[in-house]
Amino acid sequence: MTGYHETFGRLKRTALIPFFVIGDPTYEQSLELVKTALDAGADILELGIPFSDPIADGPTIQKADLRSLAAGMTPAKALQFIGEIAAFQPVPIGLLVYYNLIVQYGTERFCRDFKEAGGTSILVADLSIDDADEMIPAVEAAGLETVFMITPNTPEERIDAIAAKTTGFLYTVSRLGTTGERNDLSDSIRPLIARIKRHTNKPICVGFGISSAEHARQVANAGADGVIIGSRIVKCIEENLCTPERIAPAAGRFIAGIKAALEAAPSGG
Amino acid sequence: MKRKGRYGPFGGFYVPEVLIPALEEIEAAFERFRDDAAFVRDLDLLYKDYAGRPTPLYLAGRFSEIVGFSVYLKREDLLHGGAHKINNTLGQGLLARFMGKIKLIAETGAGQHGLATAIVGALFGMETKVFMGRTDVERQNVNVHKMKLMGAEVIPVEGGTGTLKDAINEALRYWTAHIEDTFYLFGTAAGPHPYPMIVRHFQEPIGREARRQCLEKIGRLPDLAVACVGGGSNAIGLFSAFLEDKDVRIVGVEGGGRGLDTHQHCATLVKGSVGVLHGCRSYLLQDENGQIYETECISAGLDYPGVGPEHAYLKDSGRAEYVSVSDEEVLDVFDLFCKTEGIIPALESSHALAWLLKQKGRLPKETAVVVNLSGRGDKDAGIVESHRPLAARMP
Ligand SMILES: Cc1ncc(COP(=O)(O)O)c(C=O)c1O
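Sequences listed follow chains A and B, in order.
Under this note's numbering, residues 1 to 269 are what the first sequence spells out, in order.
Under this note's numbering, residues 1 to 395 are what the second sequence spells out, in order.
Hints were generated in silico from the structure; no laboratory data involved.
Treat the hints with care, since some could be wrong.
What the hints assert, rightly or not - Which residues of chain B face chain A? A partial, calculated answer using Cβ under 7 Å:
{"no.": "1", "residue": "Ala-177"}
{"no.": "2", "residue": "Thr-182"}
{"no.": "3", "residue": "Gln-291"}
{"no.": "4", "residue": "Ala-391"}
To be verified - Straight-line distance between alpha carbons at most 20 Å, and here's what the computed EDC-like set of lysine to aspartate or glutamate pairs gives:
{"no.": "5", "chain 1": "B", "residue 1": "Lys-4", "chain 2": "A", "residue 2": "Glu-32"}
{"no.": "6", "chain 1": "B", "residue 1": "Lys-4", "chain 2": "A", "residue 2": "Glu-214"}
{"no.": "7", "chain 1": "B", "residue 1": "Lys-4", "chain 2": "A", "residue 2": "Glu-84"}
{"no.": "8", "chain 1": "A", "residue 1": "Lys-63", "chain 2": "B", "residue 2": "Glu-294"}
{"no.": "9", "chain 1": "A", "residue 1": "Lys-63", "chain 2": "B", "residue 2": "Glu-158"}
{"no.": "10", "chain 1": "A", "residue 1": "Lys-77", "chain 2": "B", "residue 2": "Glu-158"}
The model shown is predicted, which means the values in this text are computed figures rather than measured ones.
Built from N, CA and C at the ideal position, the CB exists for glycine as well.
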């Protein structure tokens with residue numbers, strides 16, 4: 001079993017959660033890259049299936065989606081990919097996906113196949129708790145966990161409602177906007193985590209804009225259970241497209257650096 | 001759990017969490033002000049004195065003779081800005097003003113909604129940004145220029161085919177980062193709740209007036225109400241008044257582009273399948289995995305792979321029919337209509353006219369049709385010229 005409860009319980013520090021678009025830039029290179037991330041110390045993986053219209057994503061991940069789609073990625077191949085990762089090393093795998101891909105695949109079948117491949121949780125970028133009841137029964141039936149977002153503008157009552165529907169972790173963003181690198185971390189992250197903790201003891205992971213070891217350290221110090229790093233890692237792909245053999249080493253070095261920072265930081269959650 | 005903004009199984013609220021509070025704020029403001037005396041008075045005055053409502057219902061005599069039945073034009077092309085879009089932007093702009101918002105953003109395809117938003121931005125002194133696909137910026141450059149004249153910033157959107165879908169993606173992304181002081185003035189009766197409901201509301205005067213004018217002019221309801229369908233705002237505006245009149249046949253006309261057996265069309269209801277995009281469940285043009293197709297159609301305002309949820313519902317319930325016409329048929333009727341009526345119709349609206357031309361000889365001559373002439377075609381002269389140069393057609 002590779003559930004979140006066990007993982008967060010075992011770690012005495014903030015979990016390191018890199019994000020990848022499955023199949024970026026190609027299936028094989030992406031597979032090598034994710035394995036490198038595990039070797040470099042990733043505690044949990046957040047993987048995305050590329051979508052033609054990713055409205056929650058900034059330019060870096062939009063381009064990653066396009067590269068992956070151009071190389072032929074489909075939801076079925078993405079599930080196969082997840083199976084290969086799970087066979088390589090047991091690790092909790094959270095999926096980030098846009099709703100239409102699940103709807104077209106068939107919600108129940110998707111949840112079942114994802115679980116079978118070794119998946120842990122599903123976060124649907126464009127499905128809020130208001131409409132989530134059309135999916136939650138299938139998620140639960142498959143034995144998967146739910147992840148929902150809380151943003152800096154989420155009202156107090158809604159935090160309770162979101163936490164009540166969350167069985168995995170709460171995905172929190174440090175500021176308003178899409179995914180993408182930021183130069184500095186918002187000052188609001190510490191009060192936001194504190195605010196959420198007044199409502200719930202569900203694990204809290206912070207993403208969007210985490211771009212350096214310093215950011216990761218700040219997030220850990222603010223009491224997060226996990227730190228999710230997406231665009232900055234995807235950038236390692238974008239910057240090395242002409243020399244693909246350098247992609248995995250560059251990402252591996254970056255992830256190892258974050259890991260060292262988290263290990264040195266005082267315990268989170 | 002509440003299921004808001006539903007039209008049968010269609011519609012909904014499918015957006016990232018960060019947008020929910022903003023959509024709820026707009027919904028609450030709309031519910032509060034829609035029947036508020038001051039709001040209604042201000043909006044009616046703007047409709048009348050600024051935009052030019054009510055618009056006439058005009059019997060297009062020579063065109064009627066050609067098709068063999070009576071065609072009444074609902075002259076939305078005469079409105080300020082040249083299209084029905086101003087009905088919605090005045091309504092939402094006023095709502096933004098009542099909410100105390102000072103910045104507007106909008107997406108645009110043909111540039112008509114962008115222009116109508118720029119007009120309202122200038123009118124109310126609000127900073128306005130318009131997102132527009134790169135292809136559309138080129139093919140609708142007249143409107144781009146007009147938007148800039150009125151002080152709006154036009155932001156060209158790379159990505160995709162550079163059309164309406166891409167503009168909406170980018171406007172939504174921008175909005176997530178600026179949600180606190182910015183009002184997203186959405187241009188059509190699609191997208192997440194509450195937009196389909198709000199846009200319909202502000203376009204309802206089209207149908208309300210047309211229904212009354214019809215009774216006055218011909219002493220009865222029309223047999224047929226026809227409109228083009230992109231996202232569906234001008235169509236729902238007209239149709240809304242006739243939904244309960246079971247004897248009025250309702251037809252929406254989509255962009256058949258280069259043919260329904262290609263991917264170069266935007267006939268979403270005719271050829272699409274159900275899915276979720278841009279916040280709502282509706283018909284979409286998509287592949288078997290759920291990736292959205294890039295559409296292509298001569299008319300930028302129809303060039304969208306989705307459609308408003310109420311139209312999806314009207315299709316499935318059988319209350320309305322949805323059909324398509326090809327680019328070539330649109331160009332044919334554009335030419336004919338200019339010469340027979342002295343009116344240059346928007347390429348969008350020409351879709352509705354093209355379908356009527358195809359009904360020539362198929363409808364009894366007593367038939368009375370109301371067609372929404374949703375906009376004027378000055379903006380399209382360049383596109384038509386590039387397909388069918390005047391010089392080549394001169395005898
Ligand atoms: C004149 C005109 N008619 C129709 C449309 C299509 O939009 P809708 O389907 O929302 O009426 C547009 C869009 O730009 C337009 O400019």
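Hints and how they fare:
{"no.": "1", "hint": "Ala-177", "verdict": "3 Å, holds"}
{"no.": "2", "hint": "Thr-182", "verdict": "11 Å, violated"}
{"no.": "3", "hint": "Gln-291", "verdict": "4 Å, holds"}
{"no.": "4", "hint": "Ala-391", "verdict": "40 Å, violated"}
{"no.": "5", "hint": "B:Lys-4 / A:Glu-32", "verdict": "44 Å, violated"}
{"no.": "6", "hint": "B:Lys-4 / A:Glu-214", "verdict": "42 Å, violated"}
{"no.": "7", "hint": "B:Lys-4 / A:Glu-84", "verdict": "40 Å, violated"}
{"no.": "8", "hint": "A:Lys-63 / B:Glu-294", "verdict": "16 Å, holds"}
{"no.": "9", "hint": "A:Lys-63 / B:Glu-158", "verdict": "11 Å, holds"}
{"no.": "10", "hint": "A:Lys-77 / B:Glu-158", "verdict": "28 Å, violated"}
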